[in-house]
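**Q** Quick mapping for you: the protein sequence lines, in order, are chains A and B.
Each residue of the first sequence is one higher than the last, beginning at 3 in my numbering.
Each residue of the second sequence is one higher than the last, beginning at 1027 in my numbering.
Read the hints as simulated data drawn from the structure, not as lab findings.
One or more of the hints may lead you astray.
[To be verified] Not everything, but these chain A residues come out facing chain B in the computed CB check (under 8 Å): (1) A50; (2) E92; (3) V93; (4) G111; (5) P114; (6) Q131; (7) S132.
No residue lacks a Cβ here, since even glycine has one placed at the ideal position from N, Cα and C.
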Amino acid sequence: MTKKIKNLKEFSLSNDRYEGANLMCPGCSHNIIVREVLNATNDPVIVATATGCLEVCTAVYPKTSWDVSWIHIGFENAAVAIATAQAAYEVLKRKGRLPEATKKMIEEGREPKFVAFAGDGGTYDIGFQSLSGAFERGHNFMYVCLDNEVYANTGGQRSSSTPIGASTTTSPAGTVSYGEKMMKKSMVEIMSDHGAPYVAQVSPSKWKDLVKKVQKGFEVNGPVYINAQSACTTEWKHAPEDTIEVSDLGVESCVWPLYEIINERDEHGIIYNTKLNITYRPKNKIPVEEYLAAQPRFKHLFKPENRHIIELWQKAVDAKWEHLQRREEAGV
Amino acid sequence: MAKKYELNEVEVWDGNMAAAQALRQAQVDVVAAYPITPSTPIVQNYSQFLADGYVDGDFIMVESEHSAMSGCVAASAAGARAATATSSQGFALMVEVLYQASGMRLPIVLTVVNRALAAPLNVNGDHSDMYLGRDAGWINLCSYNPQEAYDLTLMAFKIGEDLDVRLPVMVHQDGFLCSHTAQNVRPLQDEVATEFVGEYKPVNSMLDVSNPVTHGVQTEEDWHFEHKARQHNDLMNSKKVIKRVFEEFKDLTGREYDFVYKYKMDDADIAIFALGTTVESAQVAADKMREEGIKAGVVSLRVLRPFPFEEVQDAFSNIKAVAVMDRSAPGGTFGALFNEISAAMLAAGKSPIILNYIYGLGGRDTTIEHLVDIYRQLDECAKAGERKYPLQQFIGLRGPKLSFY
Ligand SMILES: Cc1ncc(C[n+]2csc(CCOP(=O)(O)OP(=O)(O)O)c2C)c(N)n1
Ligand code: SF4
Ligand SMILES: [Mg+2]
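In isolation and in its complexed conformation, chain A is listed as follows (with noise of 0.2 Å):
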C-alpha cells in the first residue's frame, strides 16, 4: 500500500519506527535518510545495517535505536543478509509458518518490506560482492547506500566513493598531495547495469523526491538500488547545522544529480526498456567552486597549486551532467 504523505510537518510525525535521539554526531545525514526511507511506508519493514556509522551509533546492547526487526551481521554482508531474510519469509509464507501476526498483516495486504542500510565503504568497496550476487540472484529487497564518501566510523579513510581532491586520513592532503587522485566509482549506472528494475539517486535535503524514489521501489519487484548523498558533518568538515544545505548545494551544482533508471521487464524478466529519469533540474546550476567552498575537506583545492583539481571537477560534473540528459532524451 503506498502512503500517502501531504507535507514536511506530517511526514516528520508519521511514525515512530526509530530513535533519532541516537549515538549518531549532530547533523548527521544517515538519521535523515533513515528516517524518510522508513516513514515512506506504514508497512511493517525488515531492516539489515551493514558495519559503519549507522550500525556502531543504533544497536549498542542494551539499547536499540530500531523499532523493526533489524540485523547487522558484518561489514560486507548487507545484502546478502537482508536477501536471505527475504528468502527465508517466502519458504516460510509458502510453508504457513509465519508467525500469526505477521500472516495477519499479509492478510490485510500489508506485506513486510525488506531494506539494507550501508556506507559507500560496505557498498563500493568490501560489500560489492555480496551486493553483486545479491542483485545477479534477484531477490525482493532495497539496498540503501548512505553515501558519505568515506570510512567514517573508522575515522575518515578514502574509500572508491570519495571524490578526487578530497583530503581524507589515508589520501591525505600535504605539501606535494592534493588529497584523494581517483575519481568516484559510478554506482548508480553500475547497479543498473545488473539489470535492476529499479536504481535511483537521492538527496535527504531533497525528501519528497526521496521519498517519491523509495515507494516507486517498494512497488516493484526484485532488488532496488538508492544512492542517497549522505553529508558527514565529521569528515565533510562542515558545521553540523549545515547539512542540508551543503547537501542543497551538491543538488544545485549538478555534483549530486538526482535521477533515476528504470529497466522495464517483461513477465520473463527480460529488458525490453530502459530509461532514465532527472528528477530534479536546477534552476540555475551553480559552481561546482560554491559545493567545494562549504567543505573543509576540499580547502587545499583552492590553493594556487591545486586549482587545476577545480577545474577538473567542473569538467567532470559537466560531462556527467549532460550524459544524463542525453541518456533522458534518448531513452536508453
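Using the hints provided, position chain B with the ligands relative to the given structure of chain A.
**A** Only chain B with the ligands this time, still in chain A's reference frame:
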C-alpha cells in the same frame, strides 16, 4: 510439500550423499551454499533433490562461502532452519561469519568435508579447516564413515536447536576417504527422520512483526565479556543435550554414539588417539599388535567441542603411553589435540607418556605400517617407563626425519 524419497533399508552412499540426504530429511528451509572440492557433491546432490521435488525449502547458490554463511545467519535470524556445506578455502572464507553465527546464537548446521588449506593449494583431506574453526564457538561433531556422517548430521539439528543450547553445529567428515568412498548406509525413512529432527521452533524471529527484534548488536567492555561467557557456558553445558540426543538416536536406530570412542581400551597399555578415517586404520593396527601380545587400543572423539575433558581423562587413566595424532600443520607449536589431551591428563594428576605425531597433511597416505611403527614406539616407552622418542614427530614425510624436542 516435498515428495517422499524411496529409500532401501541399506543404501550405498558416499559421505557426501549421506550428508546431503540428512539435510534433505531435515527439511531445511534455506540452504545457501557455494561449491568447493571435496564437499561439492553435497551441494550438487541437494540441487538435484530440489530439481526432482524432494525439497520444499529454498536453495540459494550464492557467490561465495562468506555469503553462504551470512545467508544462513540471516535466514536463521528470520526464523528459518538453515544449513550449508563447505571445505578448506571455503571454510577459511567463512571464518568471520562462523563467529558471528555462534555469537548470535543461531543453530545453523554446517557439514565440513575436511581438506588441507593452501598454500600450496591442495584438494586432499587433512584437518586444517577443522582446526581453524575449533575456537569459533560451534559444537563440533566428528564422523569417520558415511553412516556416521548421516547420523550425526541428523542429530546436529536436534542438538543445536535445543532451547538450552541454541548454538550452531559442525559435522566433520574426511575429504575423499569418507566423502567419496561409497559404503553401506542404513538410512531412516523420510517420515521417521523428519520426526526425529522435529519442527524448527525459532527464537526471536525477525519476521514477527508484532515483536521487532535487534540481532547482532554492538557490545563493548561493559557487556561483551558477559555475552561471550554465557555463550561458552552454554557450549560447555550442551553436553547434557548431546548425551540425551545420542540416547534418543540409539533408541530409534540401535546405533550408539558417545563423546569418546574407544576400541579395545579396557585392558590396553598403549593407545593411539586420532580423528577421522585414521581411527579405522588404527583399529586394524591395534589388532595386529594384539596378535603379538601387545595390548594396544584406539581412542577418538565424536565431540571435539565441547571438549569431553572428563571422558578423555577417563579413557587414558590406566594407559602407559599415548600417541596423539594431529592431522594439521601445527604452525610453530605442538598439535592442538596433543595440547588439549596433555592438559586434561595434567589436570587428572596422573598422565601417561604422551607423544605427538603430525601426519597425513594434504592427503598423504597413512598406512597400517605407520601406525604399527607408532605402536612399537609407544610399547618401548611403556616398557621403559620413560619417553624414548622426540615429543613431536612427523610421520610419512619424505626426506630426512623431522622431529622436535
Ligand atoms: C571485515 C572488516 N574490515 C574492516 C572493518 C573496519 N570497519 C568498520 S566500519 C568501516 C568503515 C565504514 O565505512 P562506510 O561503509 O562508508 O560507513 P560509514 O561509517 O562511513 O557510514 C571499517 C573500515 C570491519 N568492521 N570489518
Ligand atoms: S562521522 Fe559522519 S556519518 Fe558518522 S555519525 Fe558522524 S556525521 Fe554521521
Ligand atoms: Mg562512508
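**Q** Each of the hints needs a verdict: does it hold here or not?
**A** Outcome of the hint check:
1. A50: Since the shortest Cβ distance to chain B is 7 Å, the answer is holds.
2. E92: This hint holds: A/E92 lies near chain B, its Cβ roughly 7 Å from the closest one there, short of 8 Å.
3. V93: OK, holds: A/V93 within 8 Å of chain B, min 5 Å.
4. G111: Status violated, d = 14 Å.
5. P114: 6 Å, holds
6. Q131: Check passed: Cβ of A/Q131 comes within 6 Å of chain B, closer than 8 Å.
7. S132: OK, holds: A/S132 within 8 Å of chain B, min 5 Å.
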